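Novice: Using the sequences and the accompanying hints, generate a full structural model.
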Amino acid sequence: MESVTCNSSHLPTTSPVGDRTHPKVQVSYGAVQTALSKALRGERLSFEDGVNLYHSPDLVELGAVANEMNSRKNGRDVFFNVNRHINPTNICALSCKFCAFSRKPGEEGAYAYSDDEIAHKARVAAESGATEVHMVGGLHPRWKLSNYTSIIRTVKETAPQLHVKAFTAVELDWLARKERKTVAEVLTELREAGLGSLPGGGAEIFTPYVREKICDTKLTGDGWLDIHRTAHSMGLRSNCTMLYGHIEDVEARIDHMMRLRALQDETAGFNVFIPLAFQPENNELGITRHTYGVDDLKTIAIGRLMLDNFRHIKSYWVMTGDRVAQTALHFGANDLDGTVVEEKIANMAGSRGGMAMAKTKILRVIRDADRIPVERSTVYEPIRRYENPAEDIIQ
Amino acid sequence: MIDASITTQKNPYALNCEKKTPQRDFEKTINQSALPMAPGFQEAPSLSEINARDALRQRIVAETERPPKVHDALMLDAIEKTTDRDLKSAYLTAFNGARLSAEQGQKLLDFGDLNLLGWLATRAKERFHPTGKVSFLLDRNINYTNICRIGCDFCAFYRRGHENDSYVLPKEEIFAKIEETVEVGGTGTLMQGGVNPHLKIEYYEDLFRSIKERYKIHLHALSVIEIEGIAQVSRLTLEETLERLKSAGLDSIPGAGAEILSDEIRLEQSPVKRHSHRWIKVMQTAHKANLPTTATMMFGALEERKHIIEHILRIREAQDETNGFYAFILWTFQGENTELAKKNPDMHPTTGAEYLRVLAVSRLMMDNIPNIQGSWVTMGPKIGQISLHYGANDMGSIMIEENVVSAAGTSYTLDGNNMVELIRRSGFVPVQRDTYYNILAEYPETKVQ
Numbered sequence: 001m002e003s004v005t006c007n008s009s010h011l012p013t014t015s016p017v018g019d020r021t022h023p024k025v026q027v028s029y030g031a032v033q034t035a036l037s038k039a040l041r042g043e044r045l046s047f048e049d050g051v052n053l054y055h056s057p058d059l060v061e062l063g064a065v066a067n068e069m070n071s072r073k074n075g076r077d078v079f080f081n082v083n084r085h086i087n088p089t090n091i092c093a094l095s096c097k098f099c100a101f102s103r104k105p106g107e108e109g110a111y112a113y114s115d116d117e118i119a120h121k122a123r124v125a126a127e128s129g130a131t132e133v134h135m136v137g138g139l140h141p142r143w144k145l146s147n148y149t150s151i152i153r154t155v156k157e158t159a160p161q162l163h164v165k166a167f168t169a170v171e172l173d174w175l176a177r178k179e180r181k182t183v184a185e186v187l188t189e190l191r192e193a194g195l196g197s198l199p200g201g202g203a204e205i206f207t208p209y210v211r212e213k214i215c216d217t218k219l220t221g222d223g224w225l226d227i228h229r230t231a232h233s234m235g236l237r238s239n240c241t242m243l244y245g246h247i248e249d250v251e252a253r254i255d256h257m258m259r260l261r262a263l264q265d266e267t268a269g270f271n272v273f274i275p276l277a278f279q280p281e282n283n284e285l286g287i288t289r290h291t292y293g294v295d296d297l298k299t300i301a302i303g304r305l306m307l308d309n310f311r312h313i314k315s316y317w318v319m320t321g322d323r324v325a326q327t328a329l330h331f332g333a334n335d336l337d338g339t340v341v342e343e344k345i346a347n348m349a350g351s352r353g354g355m356a357m358a359k360t361k362i363l364r365v366i367r368d369a370d371r372i373p374v375e376r377s378t379v380y381e382p383i384r385r386y387e388n389p390a391e392d393i394i395q
Numbered sequence: 001m002i003d004a005s006i007t008t009q010k011n012p013y014a015l016n017c018e019k020k021t022p023q024r025d026f027e028k029t030i031n032q033s034a035l036p037m038a039p040g041f042q043e044a045p046s047l048s049e050i051n052a053r054d055a056l057r058q059r060i061v062a063e064t065e066r067p068p069k070v071h072d073a074l075m076l077d078a079i080e081k082t083t084d085r086d087l088k089s090a091y092l093t094a095f096n097g098a099r100l101s102a103e104q105g106q107k108l109l110d111f112g113d114l115n116l117l118g119w120l121a122t123r124a125k126e127r128f129h130p131t132g133k134v135s136f137l138l139d140r141n142i143n144y145t146n147i148c149r150i151g152c153d154f155c156a157f158y159r160r161g162h163e164n165d166s167y168v169l170p171k172e173e174i175f176a177k178i179e180e181t182v183e184v185g186g187t188g189t190l191m192q193g194g195v196n197p198h199l200k201i202e203y204y205e206d207l208f209r210s211i212k213e214r215y216k217i218h219l220h221a222l223s224v225i226e227i228e229g230i231a232q233v234s235r236l237t238l239e240e241t242l243e244r245l246k247s248a249g250l251d252s253i254p255g256a257g258a259e260i261l262s263d264e265i266r267l268e269q270s271p272v273k274r275h276s277h278r279w280i281k282v283m284q285t286a287h288k289a290n291l292p293t294t295a296t297m298m299f300g301a302l303e304e305r306k307h308i309i310e311h312i313l314r315i316r317e318a319q320d321e322t323n324g325f326y327a328f329i330l331w332t333f334q335g336e337n338t339e340l341a342k343k344n345p346d347m348h349p350t351t352g353a354e355y356l357r358v359l360a361v362s363r364l365m366m367d368n369i370p371n372i373q374g375s376w377v378t379m380g381p382k383i384g385q386i387s388l389h390y391g392a393n394d395m396g397s398i399m400i401e402e403n404v405v406s407a408a409g410t411s412y413t414l415d416g417n418n419m420v421e422l423i424r425r426s427g428f429v430p431v432q433r434d435t436y437y438n439i440l441a442e443y444p445e446t447k448v449q
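As you go down the protein sequences, you meet chains A and B in turn. So in our numbering, spot 366 of the first sequence is number 366, and the numbers just go up one at a time. So in our numbering, spot 215 of the second sequence is number 215, and the numbers just go up one at a time.
One or more of the hints may lead you astray.
If you want the ones that stay clear, here's a sample from chain B, every Cβ over 12 Å from chain A, calculated [unchecked claim]: (1) Pro67; (2) Lys88; (3) Ser166; (4) Val168; (5) Asp206; (6) Gln232; (7) Asp251; (8) Glu317; (9) Met399.
Derived CB-CB ranges, DEER-like [as the list claims (entries may be wrong)]: (10) Gln58(B) <-> Gln161(A): 57 to 63 Å; (11) Val182(B) <-> Lys38(A): 52 to 58 Å; (12) Thr360(A) <-> Arg305(B): 16 to 22 Å; (13) Ala176(B) <-> Glu281(A): 29 to 35 Å.
If you're looking for bench data, these hints aren't it; they were derived computationally from the structure. A quick note: this is a predicted structure, and the numbers were derived from the prediction, not measured. Cβ atoms here follow ideal geometry from the backbone N, Cα and C, with glycine treated the same way.
Specialist: Encoded structure:
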């Protein structure tokens, strides 16, 4: 056993980001095997286990174990939903270094949708069979809470059947501070307007030594988690994400996952974990390369193994492209997200995934991966299981 | 660009050295260790079978000289639990490293579990390449002419000769391209074009000789259809044509144009291209003339999975006879701008899982070809990298110029550094190779450039 050593050269970028708070993890072949056996026995993985798994060069092995853990929870079912993204504005008070989407007021390309435009998009979405609108945007300096409630009301009045999954913790925090209210008060008003659940954006990387390098003006990691804790305590479910493939190291990723796991233990309010691959165009971090395919798959697989209290792990095709997203269905993911239709944030940062995927294509991609497509609601209730391939064409 | 100073010794007999006969070793093992082969293995597990499974696990350890891994047991259990008898026997045959029949290959392609296929294909790959090295080539594609009288439906590159953008490259331009290639550390050139009815063998002989006089570079050139074209316009036999091209300096022949070797499909995709047995015949004639070749497969167009198996089988049989294929290369059909896509609007690009599935089954079926290339050119660098875990041991070429694929809408580029990083971050040691798969340089740790 001693003869096999781990070659660390295939690691994701480990830039020295300064004041690391993590002890150096001793990486070894045996530790990888221990971690995988623990996972299979249903035992909880430690920080060291997670870091070791990232160092393992055997992708097939990691995939097989993550796939096994996924199939114990979800069988061969793969979820998708028919949804539509609406980004109400790109005008933003923050300047996150990784963002290609935000504009300052008056800057070229800055926009803010009127209620009519939002109503139109919601109507189109509803007519095309969508069950959800996903709304996140910039921190518009002139928008008040009333603007946000009005956006939600507009959607709900246009198409009451649509579930509104809207506004990241970052937007909520900013609104609360602006209105001098608590987050709970803001959420109460939004929920009265029709808010159904929260998206998982804005999490980026919680670990402070990374977060301060990529988005020092943004809500802190603890702040993000607090807001989701509040939402969960009010009975609002939410998603969570992790932005990887920029300057963070493996330790920061595992640390991030563990913070999510701890909150999930407390509230069980997260629907799904969504790793987001960093998109390298138009950012201020000086990163020019897309994440590696192997890294995308490892992150899904390790997410599956670390987050033992999550039922769903999403392989978000917008970020990695549908080929890798599909392959990830064999690496522990059980959700492909949705039809999306109009994705602006990742697209402006150079994602190769495109902006929309037709339902027929989603069905084919899942079917092609030897899985059974299940259309779901935003909070993961099955709407329709496409048991028979012949049904794909009719829809 | 790439520092090729760490040169290991060149082996002129690499082709023979690489060739192994793994199945024989395994046959021996099977006979000795009374393994639970189908159909006995299908019944409810008895104590002896549980022991047998442990024996299988121990064998993995003995063969691969590595400690048992967690997923070995998981994968063996998955085989064990397979209810389809034929599929189970196909898994076991693949596990044993014995030769898969067409039916077994078909089973694996149709019903095999992707994780299991990846595991089996990695095992099969390790029999040929136990050291965890992944190779790449630095060469340049030179498309010396785009004039072609064939006009395949899936091709966006060809011109008829009267268009403004039809061309035959002047020699000076070809020299300039080769010079650039040599300057950046390139070791080969891949010259392909159309079937230009105006170019006779003298043109090629002159071109090859003048290249070889000037540059020390590997000439990997022409394709079956071009060679047939040359033979035809020059009124020569195939043997004469190949002999003359070889003595003029041709080193090896790329296996392009195989597309799918199934007459049903070939006729549909390219009505004018010759029947598939012609492709095999030209390649085998080349092998007999001591010209090694590669073999390709282009899938994801109109074929069904049975045609893929037919293709693999025909190449495997041909290889049994002449043993001249040193690599098998998988491409996926690139749809944009082609007639075929216009005629078949329902066609869709090959998905990642389908590609990896075909790749893994190819590795399992092709027990007599040492090298299998993953195609980052048609599938993108992400799937290209992942393919190294599904049976591929080579990333192909860092192509300095690739007109044909980019004309059909796919344009991924990689330079030497990116290639080295891509391979390294996949968990393998990157090595630069020449066209014959001799290792020229290793990049174990430090970054190049």
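Novice: Taking 52 to 58 Å as the hint, is the beta-carbon distance of Val182(B) and Lys38(A) inside that range?
Specialist: 53 Å, holds
Novice: Examine each Cβ of chain A, and state whether all of them lie more than 12 Å from the Cβ of Val168(B).
Specialist: Val168(B) clear of chain A: closest Cβ-Cβ about 36 Å, beyond 12 Å.
Novice: Verify this label for me: Ser166(B) is non-interface relative to chain A, using a Cβ-Cβ cutoff of 12 Å.
Specialist: 32 Å, holds
Novice: Please check whether the beta-carbon of Glu317(B) is more than 12 Å away from every beta-carbon in chain A.
Specialist: 29 Å, holds
Novice: Is 29 to 35 Å right for how far apart the beta carbons of Ala176(B) and Glu281(A) are?
Specialist: 33 Å, holds
Novice: Verify that the Cβ of Asp251(B) lies farther than 12 Å from every Cβ atom of chain A, and report whether the claim holds or is violated.
Specialist: Given that every Cβ of chain A is farther than 12 Å from that of Asp251(B), nearest at about 33 Å, it holds.
Novice: Using the C-beta atoms of Gln58(B) and Gln161(A), is the stated range 57 to 63 Å upheld?
Specialist: Holds, since Gln58(B) and Gln161(A) (Cβ atoms, about 59 Å apart) stay within the stated range.
Novice: Would the non-interface assignment of Gln232(B) survive a Cβ cutoff of 12 Å against chain A?
Specialist: 41 Å, holds
Novice: Since Asp206(B) was said not to touch the interface, does its Cβ keep a gap of more than 12 Å from each Cβ of chain A?
Specialist: 44 Å, holds
Novice: Verify this label for me: Lys88(B) is non-interface relative to chain A, using a Cβ-Cβ cutoff of 12 Å.
Specialist: With a cut-off of 12 Å, Lys88(B) remains clear of chain A, as the shortest Cβ separation is near 17 Å.
Novice: Does Met399(B) really sit off the interface, with its C-beta more than 12 Å from all C-beta atoms of chain A?
Specialist: 19 Å, holds
Novice: Taking the shortest Cβ-to-Cβ distance between Pro67(B) and chain A, state whether it exceeds 12 Å.
Specialist: Violated: least Cβ distance 5 Å, not greater than 12 Å.
Of the numbered hints stated above, the single one contradicted by the structure is hint 1.
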